[in-house]
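Sequences and hints are given; from them, build the entire structure.
2 protein chains.
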Amino acid sequence: MTVAKPGGGGAGPNFTDHVPVTDKPASLVRDDDAGAADGGTMRERFEAMIRAAQDRICDAVEAVDGTGTFHEDAWVRENGGGGISRVIQNGSVFEKAGVNVSVVYGTMPPEAVKSASARGVTRDVGYKPGEPVPFFAAGISSVMHPHNPMAPTMHFNYRYFETDRGLWWFGGGTDLTPSYLFEEDAAHFHGTLKAAADVHDADYYPKFKKWCDEYFYIPHRGERRGIGGIFFDDLNDRPADEIFAFSSAMTEAVVPAYMPLVTKRKDAPFTEAQREWQQMRRGRYVEYNLTQDRGTIFGLKTGGRIESILMSLPLTARWQYDHHPAPGSWEEKTLEAMINPPEWV
Amino acid sequence: MTVAKPGGGGAGPNFTDHVPVTDKPASLVRDDDAGAADGGTMRERFEAMIRAAQDRICDAVEAVDGTGTFHEDAWVRENGGGGISRVIQNGSVFEKAGVNVSVVYGTMPPEAVKSASARGVTRDVGYKPGEPVPFFAAGISSVMHPHNPMAPTMHFNYRYFETDRGLWWFGGGTDLTPSYLFEEDAAHFHGTLKAAADVHDADYYPKFKKWCDEYFYIPHRGERRGIGGIFFDDLNDRPADEIFAFSSAMTEAVVPAYMPLVTKRKDAPFTEAQREWQQMRRGRYVEYNLTQDRGTIFGLKTGGRIESILMSLPLTARWQYDHHPAPGSWEEKTLEAMINPPEWV
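These protein sequence lines are chains S and F, in that order.
Start counting the first sequence at 427; every next residue gets the next number (the working numbering).
Start counting the second sequence at 427; every next residue gets the next number (the working numbering).
Keep in mind the hints are simulated off the structure, nothing from the lab.
Owing to the predicted nature of the structure, the values given are computational and were not obtained by experimental measurement.
Check before you lean on any hint, since a few could be wrong.
No copy labels: a pair is met if it fits in one copy or bridges any two.
As the list claims (entries may be wrong) - In silico EDC-like cross-links for lysine to aspartate or glutamate, where the CA-CA straight-line distance does not exceed 20 angstroms:
#, residue 1, residue 2
1, K633, E668
2, K636, E609
3, K450, E702
4, K690, E488
5, K727, D748
6, K690, D667
7, K450, E504
8, K727, E640
Next comes the structure, spelled out in structure tokens:
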């Protein structure tokens, strides 16, 4: 089949085509980015960290699922970088679960560097309007959608950006999207993230919990995608080593924060109506990701690997006209927590 | 339940809240927009035309469906205007079908007037930067998703815009999205639209067919949402009466262009795999509507009635990781027509 090249043209980061590889390289970072001493450059340290996290988290998913195994796609790009997507579809426990790492060497207009950062922090200093800004980005990104409506969906993403003139910042977050709220599950999830963050800065959890509630807001619905967790961006206010340690710790908190909830709920009984409600909540997940999520929109516009970007979408979703949960119902109570986010810990 | 007001704030057209009504008004146009002679102002003539089209098309849908009946929601807005949404869900033939009319009195920044039009035609002449531009808009919008994967989805929308200083333009279109291509169905659909358009201008069909193929493109997929039809916007190059007559004729062509295809395919046999392919194509429909469709994005950003705007989304959809149709398959042949659009008539 002749497949038109998608995402071509435009003011993207000039990605060259993705070249699938069967033997994935030990590092996706360019040789000239490798440092001799001190465990290497931040570029290679971050990539090694997310690769290890990918292995560890995928092992945990397979262990909980029992039968599903990850399908892996690896690719490199001509100008350096590449990625590894791992996806389970129709496992015993997970309807769809994906864990991706990717490394990008690109250039973008200074305006895009600015819009790629959350708060308009000036990252384009010294560039003329329109002058391409070479950048490096590495990230791990994951969404897990279990079959059982009582088991929540979880997303995390940790990333490191660096421009070739030495500006750098970290971003990331981990958040939960239940179809049915269990307060003790919410408390466990938030509590685990808080405990991991507190080791690095006691201000992190409260600040990043609030940021998460703001970030995952669906304006046209007046509600959030889920019940949050943590989210941060543009973090560069202390030595990179410290933020790297924090980011690493947060990838390590993913399994203890989330997997016990899946284990506890994966075999819970549920009704057909509860499955439909879950499918409608997945519809909201799609709405958020396609209309609001900065990473998704950036990826779609700049010619990233589409299947890896849209791995985050659920296997199935539902849009039922003008559906409202019954007053006093469990569904309404769950939705209420997405409209007015409580403190969980 | 306390529901946060969605879509509030921002630089929208200052819609006031929608007030549901049980007795829908004979006209949604303000009294001061009613003309005495010559059948009234274009505002009221267009509204009467789309109201009649809504009745006629809904009757045809119910006749084909056999058991499904439209649920109607009507509303008015404090500052004038309102709308009528009609939706069938889980009918015998239609999984979801909706026909909406709406009338909007709003104001928007001159920049938004510009972006609301397709080609950057200057519609904000005489307004200072940021000065609100009062406008009137009336439109009919519809999407029909049959159950059977052999029966195509169809969308149409016809609209009239007028600013208070007398600028006006028409827009609209009708297009088809099959999961499985039947060339004779495509030829019937396009042929019916062409015959109706040719009465008004022999250049319309070729021009608007091409425009449709451009408009319904999904850049990140490198394919179109479907196999097209006609699409036009900013039409004001001849007397309004003539474009009104053309728009009316196109709403009249909807039933003869589409309903015979549904009647022919609604009971066709299909496999579970074909149903899954249909669900994946519905996923692409969602991707298009949420990331590309100007009307949807405009509506979501400006606080329109969300359930009416998202009525266009299918009841169910599917995202399967990295799915490709088998070489030489019917699915591939269908997709090929969305990648390289043929001439059908």
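Now the hints, each set against the structure:
1. K633 to E668: within (17 angstroms within a copy, 60 angstroms between copies)
2. K636 to E609: Classified as within: same-chain Cα gap 18 angstroms, cross-chain 54 angstroms, threshold 20 angstroms.
3. K450 to E702: Answer is neither: 40 angstroms inside a copy and 32 angstroms across each miss the 20 angstroms cutoff.
4. K690 to E488: within (16 angstroms within a copy, 47 angstroms between copies)
5. K727 to D748: between (31 angstroms within a copy, 19 angstroms between copies)
6. K690 to D667: neither (36 angstroms within a copy, 66 angstroms between copies)
7. K450 to E504: Within. Shortest intra-copy distance 14 angstroms satisfies the 20 angstroms Cα cut-off; inter-copy 61 angstroms does not.
8. K727 to E640: between (23 angstroms within a copy, 17 angstroms between copies)
Hint check: violations occur at hints 3 and 6; the rest are consistent with the structure.
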